[in-house]
Each structure stands twice: as C-alpha cells, then as structure tokens.
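Visitor: This is what each chain is made of:
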Amino acid sequence: MLDADFFRRWITATAASVDREAQRLTALDSAIGDADHGSNLQRGFAAVLATLEKEAPQSPGAVLSLAGRQLISTVGGASGPLYGTLLRRAGKVLGDAPEVSEAQLAEALRAGVDGVMALGGAAPGDKTMLDALIPAVDALGEGFDAARRAAESGAVETTPMQARKGRASYLGERSIGHQDPGATSSSLLIAALVTAAEGGSDE
Amino acid sequence: MSDERYVGIVLVSHSAEVAESVAGLAKALAGGATTVPVAAAGGTEGGDFGTSAELISAAAAAVDQGAGVAVLTDLGSAVLTVKALLAEGDELPADTRLVDAPFVEGAVAAVVTAATGADLDAVVAAAGEAYAYRKA
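So the sequence lines, in the order shown, correspond to chains A and B.
Each residue of the first sequence is one higher than the one before, counting from 1 in the UniProt record's numbering.
Each residue of the second sequence is one higher than the one before, counting from 1 in the UniProt record's numbering.
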C-alpha cells in the first residue's frame, strides 16, 4: 500500500528531476514553444515543495490536491493548469484514504488524464503530454517500471508527430522532428514513481 | 450613483500592458462606461509574460457586484487557467463565465453591452457575436 509519505517522495522526486532537467525541457520548448517549460515547471514545483513542507498533508489525496493547486497558481504557463488538473483530479479520486493500492493510484491517474483531455481538448497523437501519460497509465497495471518505460517511449514517439495543440501547433509541419517538451516532463513525473517506490526522493 | 448592479468584466492576457490597454480601449469605446467594473489580469505576478491564477481570482473578486462576471482571455495558458479555476468551483465568484470571443472585439462588445445594464447572458452573447464579424 502507498501512504502519504510515498506521495510526498513522488512529488519531491519529480521536483528534483524537473530541476535537473530544466534546461533540457526549456531547450525542447525553444524549438517548438515559447522556451519557458523548464523554468515554469521549476518555479511551480519549488512552490509545491514549500507548501508540502508547511502544510504537511496527511493523506495521498491531500498531497496530490495541494500539489495540483500550487501548480495552477504558480506555473504561469499552460503546463500549470494541465499538471494541476492532473494531480488535483487524481487527488480527488483518492479522497482522504490514509493508504491506497497501486490499482487505486492507476485509477486516480486515469481520472486525472481524463481531466487533462477535457481541459486541453487534446487527443493521443496531438504531440502533447498525453502521448506520454496515456501509455504510462495503461502500463501501470504491470508496475511502476513498466509505466516509466511506457512514458519514456511515448515521449520519444512524439518526435515525428505534427503538433495540433498549443503554441507548437502554429508551426504546422515545422513542429515535426522535435520531441514534445510536455510529453518529456510527463515522463519525468512517471519516472519519479520508481524513485519513490525505491524509497528515495532523489534529492 | 444608481443601485443597479452591473456585470463585471475581467480581461486576461499574457501581457499586463495588453490587458490594461484593452480595458482602456473597451471603456473608451463604450463612451467612457465608468459604471461597468472592468479589471485587467495581465502577465504573471512577477511582471513577466504569462498567466497568474492569483491575479485572475483577485480581478474577478474586484469586479463582482453580484450580477455575474464575464472573463475574456487571449491564448493558451490564459484560457486553460480560467477553465481550471472554474473547475475548482470556489476560486471565482458564482456566476463567472469564460467567454468564447475574440479578445479585443469581444471586450468592447462586452463592456458596451454591460453598460446598458444587460445581464450576464446578454453580455456573453454580445461578446461571442464578435466572431461573426468578418473583416475580409
């Protein structure tokens, strides 16, 4: 079973890898976006960590809801409401249970991904974060490592796609040949589940 | 001062200058509609380009007279942030509506219509109609 500590480790490990990969995310975003994905997520997750420390939420659902709320407030770009909705929606599904199973986490993330689809109006193949998240959630039944691999391949597979959502969609065919920054950061979020399961927060 | 309550208008742009300027333009074209509460929520709290959920919430609270609030946005994260705040349920005044309209033209139509004392539905409809005006 996964407790609030596991979820704190997950978010902390995500923040650490966003920090580490911020320049790469921004470089990817400078090719097809507005070159702020790394710095925006860095700012958002720093605010999340500060709030988690201050408010010390005691359930998995509360950790995710708090993190999502902070991301919506502080990111400043489209990834804020999108990641915020993903985590908040998932947190809502988990409710105030003190511990949840991996299957419940998968179900909650599925609801979060549905929320992201509804908010952004994107579908698989549009070259967005969904192209990493959907395969990851599909693979969660086989464990965190399978989800991590699915998300990483999903992110890589966005390279030949033409963007149909967001700033990148204005580029039309010129968006082809670049890995999507949102799918890339989503693969970091999923990879952090493995770190959290190993007991680390990757700091 | 009458005790009439007006629909409030919030203008959300990635740029503080754009939001402020469009607010000024809409008020001027509405004949200096000083009675309509209009608030700009542009850029991030730090003064950069982007969207701030906090500035949007504060602007909506500031223009809410109880007759509803119409929110007009420019692009991308401005749209998504307002939608996410609406989905939260308690972040924006009751009867806050994201208006599907072009930013500048919609803002003018919204302020002009609100100045007549129209209700939220009429303001939203007038702003949305701005899409139908073809320029070429």
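It is worth saying that the hints were derived from the structure and are not from the lab.
Be a bit skeptical, because a hint or two may be false.
Some chain B residues flagged as far from chain A (calculated, every beta-carbon gap over 10 Å) [said to hold, decoys possible]:
#, residue
1, G50
2, T51
3, E54
4, G66
5, L75
6, G76
7, L80
8, T81
9, A84
10, L85
11, A87
12, E88
13, R97
14, V112
15, G117
The list that follows gives simulated cross-link-like pairs (lysine-lysine, DSSO-like), each with its CA atoms no further than 30 Å apart [claimed, not checked]:
#, chain 1, residue 1, chain 2, residue 2
16, A, K165, B, K135
17, B, K83, B, K135
18, A, K54, A, K92
19, B, K135, B, K27
20, A, K54, B, K27
21, A, K54, A, K165
22, A, K92, B, K83
23, B, K135, A, K92
24, B, K27, B, K83
The beta-carbon is built from N, C-alpha and C at its ideal position, and this holds for glycine as well.
Visitor: Does each hint hold? Answer for all of them.
Guide: Checked hints:
With a cut of 10 Å on Cβ distances, G50 of chain B falls inside the contact zone with chain A, its closest approach being about 3 Å. For T51 of chain B, the shortest C-beta to C-beta distance to chain A comes to about 6 Å, within the 10 Å cut-off, and the non-interface label is violated. Distance to chain A contradicts E54 of chain B as a non-interface residue, since its nearest Cβ pair spans about 6 Å, not more than 10 Å. For G66 of chain B, the shortest C-beta to C-beta distance to chain A comes to about 26 Å, beyond the 10 Å cut-off, and the non-interface label holds.
With a cut of 10 Å on Cβ distances, L75 of chain B falls inside the contact zone with chain A, its closest approach being about 8 Å. Not every beta carbon of chain A lies more than 10 Å from that of G76 of chain B, the smallest distance being close to 5 Å; the non-interface claim is violated. With a cut of 10 Å on Cβ distances, L80 of chain B falls inside the contact zone with chain A, its closest approach being about 4 Å. Non-interface status of T81 of chain B relative to chain A is broken: a Cβ of that chain comes within 10 Å, the nearest being about 5 Å off.
For A84 of chain B, the condition that its CB be more than 10 Å from all CB atoms of chain A is violated, with the nearest at approximately 4 Å. Remark: the non-interface label on L85 of chain B conflicts with the geometry, its nearest Cβ contact in chain A lying 7 Å away (cut-off 10 Å). Residue placement check: A87 of chain B does not keep its beta carbon more than 10 Å from all beta carbons of chain A (closest about 7 Å). For E88 of chain B, the requirement that its beta carbon stay farther than 10 Å from each beta carbon of chain A is not met, with the minimum near 8 Å.
The Cβ of R97 of chain B lies farther than 10 Å from every Cβ of chain A, with a closest approach of about 17 Å, so its non-interface assignment holds. Distance check for V112 of chain B against chain A: the nearest CB is about 30 Å away, which clears 10 Å, and the non-interface claim stands. At roughly 33 Å, the least C-beta separation between G117 of chain B and chain A is larger than 10 Å, which holds for a residue marked as non-interface. Of the pairs offered as hints, the one joining K165 of chain A and K135 of chain B holds, with about 26 Å between alpha carbons and a cut-off of 30 Å not exceeded.
Taking the CA atoms of K83 of chain B and K135 of chain B, the gap is near 29 Å; set against the 30 Å cutoff, the hint holds. The straight-line distance between the Cα atoms of K54 of chain A and K92 of chain A is roughly 21 Å, inside the 30 Å bound, and the hint therefore holds. For the proposed pair K135 of chain B and K27 of chain B, the alpha carbon gap of about 22 Å is at most 30 Å, so the pair holds. Among the hinted pairs, K54 of chain A with K27 of chain B is inconsistent with the structure: their alpha-carbon atoms are about 43 Å apart, more than 30 Å.
With a C-alpha separation of about 36 Å, the suggested pairing of K54 of chain A with K165 of chain A is violated against the 30 Å cut-off. A threshold of 30 Å between alpha carbons decides the hint, and for K92 of chain A with K83 of chain B the separation of about 17 Å falls inside it, so the pair holds. Restraint check for K135 of chain B and K92 of chain A: the C-alpha separation of about 46 Å exceeds 30 Å, so the hint is violated. A hinted pair counts as satisfied when its Cα atoms are at most 30 Å apart, and K27 of chain B with K83 of chain B qualifies at roughly 25 Å.
The earlier numbered hints that this structure contradicts are 1, 2, 3, 5, 6, 7, 8, 9, 10, 11, 12, 20, 21 and 23.
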